[in-house]
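Trainee: Input sequences plus hints: build the corresponding full structure.
Top line first, the protein sequences correspond to chains A and B. Counting from 1, one number per residue, gives the positions in the first sequence under the working numbering. Counting from 1, one number per residue, gives the positions in the second sequence under the working numbering.
Repeated chains share a single entry, so a pair holds when one copy, or any two copies, can fit it.
Below are the DSS-like pairs computed for lysine-lysine, each with C-alpha atoms no more than 25 Å apart in a straight line:
no.	residue 1	residue 2
1	LYS559	LYS213
2	LYS646	LYS534
3	LYS369	LYS534
4	LYS646	LYS213
5	LYS534	LYS575
6	LYS369	LYS575
7	LYS213	LYS534
8	LYS640	LYS630
9	LYS134	LYS309
It should be emphasised that the hints constitute simulated quantities derived from the structure, not laboratory data. Since this is a predicted model, take the numbers as computed values, not measurements.
Okay, here's what each chain looks like letter by letter:
2 protein chains.
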Amino acid sequence: MINDDNVFAFLGIAIGVSIAALFYARYLYGSVKKEKIHMHLLENLSSFIHEGAMAFLSREYKIIILFIIVVAVLLASLGLIPSLQHADGVGPGAAFCFLIGTLCSGVAGFCGMLTATKANARVTQAAHDNGMPKALRITFSGGSVLGLCVVGFGLLGLSVLFCGFYFFTKDMYLAAHVISGYSLGCSFIALFARVGGGIYTKAADVGADLVGKVESGIPEDDPRNPAVIADNVGDNVGDIAGMGSDLCESYVGAIVSAISLGISYMAVQGEHMGISSLMFPILIAALGILSSIFAQVFVRAKEWDNPAKALNIATYVSTLVVLVGSLLLSYFVFNDVYPFYSILSGLVVGVFIGRIAEYYTSDSYRHVKEIAEQSLTGHATNIISGFSIGMQSTALTILLLAAGIAASYLFFGMYGIALGAVGMLSTAGITVSVDAYGPIADNAGGIAEMSNMEEHVREITDHLDSVGNTTAAVGKGFCIGSAAFTALAMIVAYSQLAHLDVISLLEPGVIIALLIGAMLPFFFTSLTIKSVGKAANQMIEEVRRQFKADPGIMKGTSKPDYAQCVDISTQAALKEMILPGLIAVISPIATGILLGTKGLGGLLIGALMSAIMLAVFMANSGGAWDNAKKYIESGACGGKGSEAHKAAITGDTVGDPFKDTAGPAMDILIKLMSVISLILAPVLLEMTPLLDFLFH
Amino acid sequence: MINDDNVFAFLGIAIGVSIAALFYARYLYGSVKKEKIHMHLLENLSSFIHEGAMAFLSREYKIIILFIIVVAVLLASLGLIPSLQHADGVGPGAAFCFLIGTLCSGVAGFCGMLTATKANARVTQAAHDNGMPKALRITFSGGSVLGLCVVGFGLLGLSVLFCGFYFFTKDMYLAAHVISGYSLGCSFIALFARVGGGIYTKAADVGADLVGKVESGIPEDDPRNPAVIADNVGDNVGDIAGMGSDLCESYVGAIVSAISLGISYMAVQGEHMGISSLMFPILIAALGILSSIFAQVFVRAKEWDNPAKALNIATYVSTLVVLVGSLLLSYFVFNDVYPFYSILSGLVVGVFIGRIAEYYTSDSYRHVKEIAEQSLTGHATNIISGFSIGMQSTALTILLLAAGIAASYLFFGMYGIALGAVGMLSTAGITVSVDAYGPIADNAGGIAEMSNMEEHVREITDHLDSVGNTTAAVGKGFCIGSAAFTALAMIVAYSQLAHLDVISLLEPGVIIALLIGAMLPFFFTSLTIKSVGKAANQMIEEVRRQFKADPGIMKGTSKPDYAQCVDISTQAALKEMILPGLIAVISPIATGILLGTKGLGGLLIGALMSAIMLAVFMANSGGAWDNAKKYIESGACGGKGSEAHKAAITGDTVGDPFKDTAGPAMDILIKLMSVISLILAPVLLEMTPLLDFLFH
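Mentor: Okay, structure coming up:
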């Protein structure tokens, strides 16, 4: 049992584990960096990518800082309004937490990307000098830095803040409420990193592909293509920094909503449960971090010649440790096995949701083959069949998710749903590591291609890369599932904070809010997809301009102006992320003010429903199109250069913004809207909705 | 005021007006048929289309009859269960109503299609002999038969049944409940007509286009294409019979849910409102029929040289008559202006929702031009931009719909929402007429093309056709809006029948049901789209086989085997409509049995949310792609035969199943699920949900 006497000891453990993760990440970073790059061209290419990525991140953070200041001032000043002085979620304390949240999430993304852009050329070099085992080890170490930073910084900030507020105020309610601001901070960074990064990466990718592969007939990652560096930078800003901040947000959000629901659980169970239900999710998270470190050390000692096996072992070891540990913790804290079952439900959903994504997007199964066959009759049938497979994949995914929600609820009530989310995300340390492995391998392959490496080097990087494609599909499923679970837990936490016992579907205000909420993800998708289109067009024009201005580029005699293309992607992404961002922020606030707490609840649920469906549909359609193209390139249905291949490229290009921009942005949209509502709840309680007179 | 003394007089008026509409339709049919076709080729082509359409309808009805018998026996026998003897919605009476419903809806579709397939060649003949005024008059008369039959048969069956049950039982509650069966009958026909018709028409269209235009380079409606007759048959079974049954279902569903909600309104207001609130929607519907007849006679006397003007005048006159009439009726029945305001809200939504669709799908506005420009960079950018415009269009549409729902509720409560739906559909007589005008004009153009008519004839038919394209987009918006309004009214009626005061979003059973409900439209879409793909592939293979087997076809020396293609479309459509149909029927029943009445409510709302979004998105994406292609064909962005044109054809082909199969099927899905629930409600009240022990 946890009580007031030993709570700080336990918090100390959580803080200690987080710091250990960060130290281990620092060690891995050092181990990556100490590898030498002795080929000049590799170093050059790597530094182009590194500089492009860092330039984007620093310019992005500069823009975000303005927004951060506005939000922090707003949050702080809300607490000065007399009637809101007892609303713990706002005020200077919450604003402080918010700032720390943006800092932790921002620094985690920065460290991960720094390492990834250092690792890429070193992987190519190692593949050249030493072969698979070393190349794989560097790739995995590079990815692990992001994984460990996400969970390390995420839990460190949270537990230090909780510890501090509890220590100084001795008020666990206040401490539990005020850290919502921390979650908002993480969401805020995630919004810009995911949306901006998603637009960046796909603008560069689509632009590079359309002019390079389609118009000029040069292969992917050909150094003559001016957009090729921007494309590689995009992998880092989108799939490293963006993905990391996305899962950081889910991770922190799940813990915060579990803490928040722990309060109501306490109220129901009576005070004798004391602080246990608030501390339990933090301890599970700490356990998860330990399991991630352990899994990495474990794999480190094993054979390093089979990438798929290494990654799988890491995942399974980590999951196993969490399972055993959480069973023990469940008995220790609650003297009960049911919290463990809730955690187990979340973990199981996390594992299988990725498998479903794999089933629909891997060419080992019939769906991708079907798309490839439909490419034989042209572009349109390729699009139609990819579209329909993505939609079909929602069925199994949603049934699994619904089963997981039902199970975690049945075992431990509403608090159980939040525990399910925490359980699902407890292995985030290793999931993010495996996820971040992909873009590093991709970059390494790109660098090998650009520097005209020998066949055996490319074989190694290709092998690394192909494993990365599977992990990317699985990882995307995990992102969606965890976002859905987390957002749901947050919405439940919101309803508790807003003192809502029911939000009835039969109230017209709720129906309207549901409708508008369900519409938002569609509108948001149209905005982000359109942004990619616009930015890609600019990129295409720039590449065409360069080809025209200097015919030496195509001949390979003169170097294209990479920096100009990087700049176009950067500017476009930064400009285009503002509007979607504002919509995500303003819509819950406006709905809350106009329709009140119930209407806001309806908006959140409506948005959650649509967003999950669209995210699953777009991720799986995009993945299936991508692999159908690769399947054709491997020789099926006419192979490379055939008409079917051209049709498959169309599908892949359509799928790119689906799976890497709009789809992942859905995760952010629902989590951000939910966490804003969580913070808004006490404020809304103190005011009368503007349209109240209409609907009551 | 309406009371027990004069209620039969008012019902008599409704019956009389319905019969008048049918007589007028018979007169119009005669006026179309008496036109002579004196060119042998025209007569031949017309009879091919006529026979193909009739063959499909009769084979479709033969399959449906099996299902009808099963449902009727089920409905009747449910009433024999002792505990359900007081559940008025089931039992032999409801089964009888169900049978009459299938009959009325089926006969309406049959009459409309019969006339349309007689009118098409006569329009071409008139364009050849007499010019625009007469051609337009025949087209419009042909379409009006469907419009008048839909509202005439729809209201006739309903009011006769209501009148009969009330007369013999003197129990207005029973009469009000039992006619839900009638609505189910209409839904049932609509399900098969819309889904089967949608698959038929697009399998033929996509198949004909891909082999004809893309592979062989022959123009649309070229008589050498073996699939060309099937394509023209498809317009009739999809856009005439399918669309008619869709709106018939909305029309009847709106009235039935208003009657059902009228009961609860009565209960709140006290018995002194007597039968008024049940009769009011019937009288509004009768008024709508009168307005439609009046508008047609009115236009008949006007100039007939401007199709767009003629159709607009008809619509506006009809709307104006309904407005004035319903204001008077509102005062007469309720001595109150508020019911009128609710009706007005629905009417306004109906008018503007079509305008929004026009804004996003007409080449007069920037969106379609944008798609055309994006076609310059290839197939993928065309798809992406069409996709994003469809999604964007959900925003305005949903805001309008939400405003309409809010307004109609604010003026007259939940009953007001149903009145809004009735108001929106009151002008269905003229809306369906205008809608059915499109495919007749399209067929006339196709026949002119196939028979190599002179330029001036094709100019006339093209002009008729282009107006039809706009009305089709407007009509689709109207179908979606009215389906959403009607389904919502039905869900509200369902909740009253199931004695649900709240369906809380915070109950896990409801959340799960919402998730599954929101998933169903995506799954349903994937099924119908896949069916089109499969059927289109069969069609492509058949056309290729014929071209190969007889090279004379392409030379124009021998005639292709049209009948074989018609047969393929027919068989595929009939086979493929079964599975989606079963899902629509089984999912509410299974959810009701497993999760109970609240869960079923959640399922309905979840499905409603997703279905509206997808329907709007797919209709507008499809329409925009279609018109972007036409815009390019008119000379923009490189014109016919350019690369941009090829990309635009891809978009159009993708959009075809979106806008004509999957999109319209959404309307049916939500209405059918809602009406099944309406009937199921009293049954569910008598049983314990199987999973009740889990969630309570």
